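Asks: Anchor point for the sequence shown: position 343 equals 343 in the numbering used here, and the numbering is continuous, going up by one each time.
Don't take each hint at face value.
Here are the simulated EDC-like pairs of lysine to aspartate or glutamate, each with C-alpha atoms no more than 16 Å apart in a straight line [what the hints assert, rightly or not]:
1. 261 <-> 240
2. 320 <-> 288
3. 139 <-> 191
4. 214 <-> 246
5. 320 <-> 66
6. 383 <-> 407
7. 139 <-> 219
8. 125 <-> 148
9. 454 <-> 492
10. 185 <-> 207
11. 261 <-> 108
12. 608 <-> 587
13. 261 <-> 546
14. 185 <-> 241
15. 454 <-> 407
16. 608 <-> 588
17. 336 <-> 492
18. 100 <-> 146
19. 487 <-> 500
20. 139 <-> 10
21. 454 <-> 500
22. 125 <-> 107
23. 139 <-> 108
24. 342 <-> 146
25. 261 <-> 288
26. 383 <-> 365
27. 608 <-> 407
28. 384 <-> 365
Now the in silico label distances, taken between C-beta atoms and shown as ranges [what the hints assert, rightly or not]:
29. 78 <-> 614: 25 to 35 Å
30. 148 <-> 81: 42 to 52 Å
31. 148 <-> 609: 50 to 60 Å
Hints were generated in silico from the structure; no laboratory data involved.
Quantities reported herein were computed from a predicted structural model and do not represent experimental measurements.
Quick reminder that beta carbons are idealized off the backbone N, C-alpha and C, glycines included.
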Amino acid sequence: LSFRSSEGKEEILVTPYKIPSRGPFSSSLPRQNNIPFTPAQVEAIRSGLQPGLTLVVGPPGTGKTDVAVQIISCIYHNWPEQRTLIITHSNQALNQLFEKIMQLDVDERHLLRLGHGEESLETEKDFSRYGRINYVLSKRLELLQEVERLQSSFGVPGDVAYTCETAGHFFLYQVHVRWQEYLRKIAETRDVQNVSKLFPFTAFFADTAQPLFKGESYEADVETAQSCWRYICRLFQQLEEFRPFELLRSGRDRVEYLLVKEAKIIAMTCTHAALRRRELVQLGFHYDNVLMEEAAQILEIETFIPLLLQEPQDGRTRLKRWIMIGDHHQLPPVVKNLAFQKYSNMEQSLFTRLVLLGVPTVDLDMQGRSRPSLARLYSWRYKKLENLPHIAQLPAFANANAGFLYEYQLIDVGDFNGVGESSPSPHFYQNLAEAEYAVAIYTYMRLIGYPAEKISILTTYNGQKYLLRDIVRRRCSDNPIIGEPRKVTTVDKYQGQQNDYVILSLVRTATVGHLRDVRRLIVAMSRARLGLYVLARLSLFRNCFELTPTFNILCQRPQQLALIPDESWPSQRKLNEHPRTEPVIIEDVIHMSNFVYEFYRINFDTLKMNWLAKHQPLEQEITAMEESEYPEEVTEKAKQPEVETGEKNIDFEILEENALQK
């Protein structure tokens with residue numbers, strides 16, 4: 001911005017900021033952010049860059065992680081000398097943050113992940129302490145090879161690329177001198193031809209994809225030369241940063257230097273921060289900014305400890321920014337001691353306390369995770385929660401769920417053999433009917449083509465989780481056509497995660513139980529993106545006052561599962577379009593079990609050929625005759641079984657794996 005007065009009027013001249021080019025190679029281009037932020041997200045990012053405390057309240061699917069990553073990136077680029085500490089409640093959230101940070105323009109050498117959760121990072125790169133040491137040492141060798149190539153282009157004798165120290169001397173006495181002489185000569189003549197003719201690094205940049213200098217204007221060619229110089233300076237700057245790793249010989253010393261000096265973005269869970277506090281303080285660990293994700297799930301003491309991982313500087317804290325991002329309408333911290341939980345209110349997080357005390361917050365108000373119809377199941381809990389435009393535009397959200405009449409449905413599950421919920425031990429609740437129904441729905445989805453990794457089975461109790469896993473292991477695990485779903489776990493453990501399709505078992509038939517806590521209901525309803533199928537005892541949950549807004553919406557549709565068996569995934573039918581055939585109405589769990597069994601038996605040959613067709617490319621040693629035995633693409637539609645309900649044992653045919661072996 002520049003201000004000026006013209007003819008008695010005050011004018012503001014706005015010119016866009018142009019990022020200086022880092023070099024002529026494609027690898028030098030900065031990685032841009034491709035996410036268009038909403039006004040609320042922009043305000044959250046702006047507030048996070050200001051000194052002091054920032055609270056960001058983000059409902060499910062509103063981009064809390066993207067906001068956190070952008071704040072970290074902006075701090076990294078605008079204050080490169082500052083260090084940022086990232087704290088989360090779970091390793092899952094920390095890994096999601098790291099995977100998104102790597103996609104932005106943040107140099108790897110400044111990233112460090114502490115703790116034991118980095119094994120689950122979906123990347124080949126190792127961001128643990130010793131993984132970063134290995135990266136620095138290998139990167140150092142690559143940079144020294146570049147120095148050797150630059151030396152060869154000059155024709156200078158000597159072993160200047162032996163260490164980072166000798167490379168620094170080479171830069172000072174050879175490279176920098178040539179650059180200064182070049183600038184002096186082109187400034188004297190200001191001739192566009194001399195810019196390329198006198199350039200001292202032409203041989204070094206000879207392998208660029210296109211000619212360096214276009215010769216169209218003096219200013220453009222000088223800017224190209226400047227970008228090449230920035231590339232060289234960046235190379236030697238990195239070598240200067242790596243020089244201490246040559247002097248420090250032991251792995252422990254290198255790790256301590258990396259933690260205290262080199263890393264600019266350090267991430268850990270709140271548990272790791274509490275366990276290693278004394279060690280970090282003794283090492284002289286320091287940081288300028290703290291960003292906490294999942295802040296509403298962190299205990300007050302766990303929130304407070306990360307603020308004390310460093311000694312004061314001249315009697316004052318170094319901390320400049322404290323950003324807390326969370327959602328107090330979802331599940332609080334877990335406190336197993338009932339006395340502490342109820343009478344001491346220990347389950348209230350510091351984030352929730354500050355929100356209730358009236359500390360100003362930035363509320364994210366646009367969700368992009370779920371279909372609008374699914375978002376209605378939990379959006380009533382928030383002051384304002386709308387849908388991002390892409391939800392109405394993408395085919396995945398506009399099309400119906402293949403094989404189902406509805407994209408979400410509450411299925412009323414009755415007793416099985418006269419038994420509803422059971423409790424083999426205190427507080428260990430199970431419901432066999434719902435568990436069998438859930439696995440039958442999952443099996444049906446797999447048979448019509450749904451990928452297993454897009455389906456999760458959730459429940460509200462650990463006892464039901466173990467029962468579901470046993471049934472999945474018995475029915476599906478050994479069958480290569482079906483396999484296991486991505487996750488079978490509890491709602492509490494699945495907070496912060498999502499999947500396209502969720503099958504939810506609410507278990508209880510006598511009392512509502514801990515689902516009466518609306519925060520648990522909000523988490524349960526907000527995990528699915530495209531499809532949600534809830535198994536519950538309708539007469540029980542419909543009468544619970546706290547759950548009324550959600551169950552009123554669920555009860556607007558029939559409580560018997562409606563299937564369209566002649567469809568296959570992915571569906572081309574629009575969400576509100578009536579199917580070509582009449583739906584099959586499933587009356588109870590026995591009907592569903594028999595239906596899936598017959599569906600599997602009738603379509604076994606088609607399913608087998610489909611499986612072989614998909615796995616054929618993996619068998620490289622097959623002969624031409626064997627390759628011709630299986631079609632490349634099976635277009636035959638699944639046949640619909642005609643099954644009557646009856647009292648039969650719930651059992652699916654188990655496909656032996658050797659039946660599929662050639």
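Asks: Would the hint linking residue 336 and residue 492 be met if the CA-CA limit is 16 Å?
Replies: This hinted pair holds, its Cα atoms lying about 13 Å apart.
Asks: Within a Cα-Cα threshold of 16 Å, do residue 100 and residue 146 meet the stated pairing?
Replies: Answer violated: residue 100 to residue 146 is near 29 Å, above 16 Å.
Asks: Taking the Cβ atom of residue 78 and the Cβ atom of residue 614, is their distance within the range 25 to 35 Å?
Replies: Roughly 49 Å apart at Cβ, these two residues miss the hinted range, so it is violated.
Asks: For the pair we were handed, residue 320 and residue 288, check the Cα-Cα distance against 16 Å.
Replies: 6 Å, holds
Asks: Regarding the pair residue 261 and residue 108, is the alpha-carbon distance no greater than 16 Å?
Replies: 15 Å, holds
Asks: Are residue 139 and residue 191 close enough, with their CA atoms no more than 16 Å apart?
Replies: 39 Å, violated
Asks: Taking only the CA atoms, is the gap from residue 383 to residue 407 under or equal to 16 Å?
Replies: 25 Å, violated
Asks: Has the given pair, residue 139 with residue 108, been kept, meaning a C-alpha gap of at most 16 Å?
Replies: 10 Å, holds
Asks: Given the proposed pairing of residue 139 with residue 219, does the C-alpha separation stay at or below 16 Å?
Replies: 34 Å, violated
Asks: Residue 454 and residue 492 were given as a pair; does the straight-line alpha-carbon distance stay at or below 16 Å?
Replies: Violated - the C-alpha atoms of residue 492 and residue 454 are around 19 Å apart, more than 16 Å.
Asks: Mind checking the alpha carbons of residue 185 and residue 241 for me, to see if they're no more than 16 Å apart?
Replies: Violated, at about 32 Å.
Asks: Would the pair residue 261 and residue 546 pass a check requiring their Cα atoms to be no farther apart than 16 Å?
Replies: Roughly 52 Å between the alpha carbons, so the hint for residue 261 and residue 546 is violated.
Going down the numbered hints, you'll see the structure goes against 3, 4, 5, 6, 7, 8, 9, 10, 12, 13, 14, 16, 18, 20, 24, 27, 29 and 30, while the others check out.
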